[in-house]
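Read in UniProt numbering, the sequence shown has 108 at position 108, and its numbers run on one by one without any break.
Hints in this document: simulated from the structure, not taken from any laboratory. We put the CB at the ideal spot given by N, CA and C, even for glycine. Treat each hint with caution, since some may be false.
[Unchecked claim] Using 25 Å as the maximum straight-line C-alpha spacing, the simulated SDA-like pairs for lysine to any residue come out as follows:
| id | residue 1 | residue 2 |
| --- | --- | --- |
| 1 | K214 | K56 |
| 2 | K224 | V35 |
| 3 | K224 | S234 |
| 4 | K224 | V81 |
| 5 | K119 | V226 |
| 6 | K214 | P33 |
| 7 | K56 | E247 |
| 8 | K56 | T240 |
| 9 | K56 | R264 |
| 10 | K214 | S280 |
| 11 | K214 | F37 |
| 12 | K224 | R283 |
[To be verified] DEER-style ranges, computed between Cβ atoms:
| id | residue 1 | residue 2 | range |
| --- | --- | --- | --- |
| 13 | E221 | A278 | 26 to 32 Å |
| 14 | S252 | E221 | 37 to 43 Å |
| 15 | G244 | S55 | 28 to 34 Å |
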Amino acid sequence: MTSVLRSRVLLPLALLGVVGCEKEERRREVEIPVVAFVGTEPFACGSTYTNVGASKTTYEPMDFRVYVHDVRLLTADGQEVPVELEDSNWQSNGVVLLDFANKDGLCTQGTEGMNTSIKGTVPLGDDYHGVRFTLGVPETLNHGDVSTAPAPLNDTGLFWSWRSGYLFTRIEGRTPGLTQGHVMHLGSTDCAPPPEGQTSGTAGCTNNNRPEVKLDGFNLETGKVVMDLGAFFSGSNLDTNATGTAEGCMSSQADSDCAPLFERLGLGFGAQAANPAAQSFIRAE
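Turn these sequences into a full structure, and let the hints guide you.
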């Protein structure tokens, strides 16, 4: 009799537990479109753009790839909800590679494949009104072995060295003044050697260079994220280069060509303090 009564008590409790788990696991699939533009024109390898940057130059794309991570959606009451990213050749370990470059025109880097969205799931039932993410590869993954990393972190063309880690952005294009190509390679810099007892990694980087992007006006149902090279280069002369530095910006704090680009990423540069509100490279539409 005691065992019968116990079963009658435990069975409903067990069922409640199952129902509760099912409720917690109810999720919806989301796909966040991310598109590339140069001003008012869609970005495409093989195209030529005019009136770009401070010198109103002609720009021919050579590459455009960007890593992002820590993707979150914003609820109506201001709560951040992490997007659980699906695993694919473009997404793993919470990192997404956005790839706008195929093999057309001067775009000889990378692959023919392209990725222009972020895919994952979020809890069902919430009303989402914004998106936030961090540009780059997280510190925990930034200094690993690119030869054994899973896609999309296995691209050696997006890796500097074991000390410097990944290129968070690889944006390159040819102009009349810089015929070898203007580059914008963002990544962590001034990275210390590995901690004692380790043969790889780093003890830390002085300049992490991971801007956080907050697009509170993003509409999950109808909106898209826009990465605009026209806005990004608006304060830069892409036909000239600071003496003794790389053609463009390789994230060095000693390269004055980086200053206007860092400003448009909301990052600090030299005496210029970080100002996330000045971020104008990425917007929501």
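These are the hints, each one checked on the structure:
1. K214 / K56: 29 Å, violated
2. K224 / V35: 7 Å, holds
3. K224 / S234: 22 Å, holds
4. K224 / V81: 18 Å, holds
5. K119 / V226: Holds, because 16 Å separates the two Cα atoms, which is no more than 25 Å.
6. K214 / P33: 16 Å, holds
7. K56 / E247: 18 Å, holds
8. K56 / T240: 12 Å, holds
9. K56 / R264: The given pair, whose Cα atoms are some 18 Å apart, holds under the 25 Å limit.
10. K214 / S280: 11 Å, holds
11. K214 / F37: 19 Å, holds
12. K224 / R283: 9 Å, holds
13. E221 / A278: 26 to 32 Å: Since the Cβ atoms of E221 and A278 sit about 29 Å apart, the hinted range of 26 to 32 Å holds.
14. S252 / E221: 37 to 43 Å: 42 Å, holds
15. G244 / S55: 28 to 34 Å: 20 Å, violated
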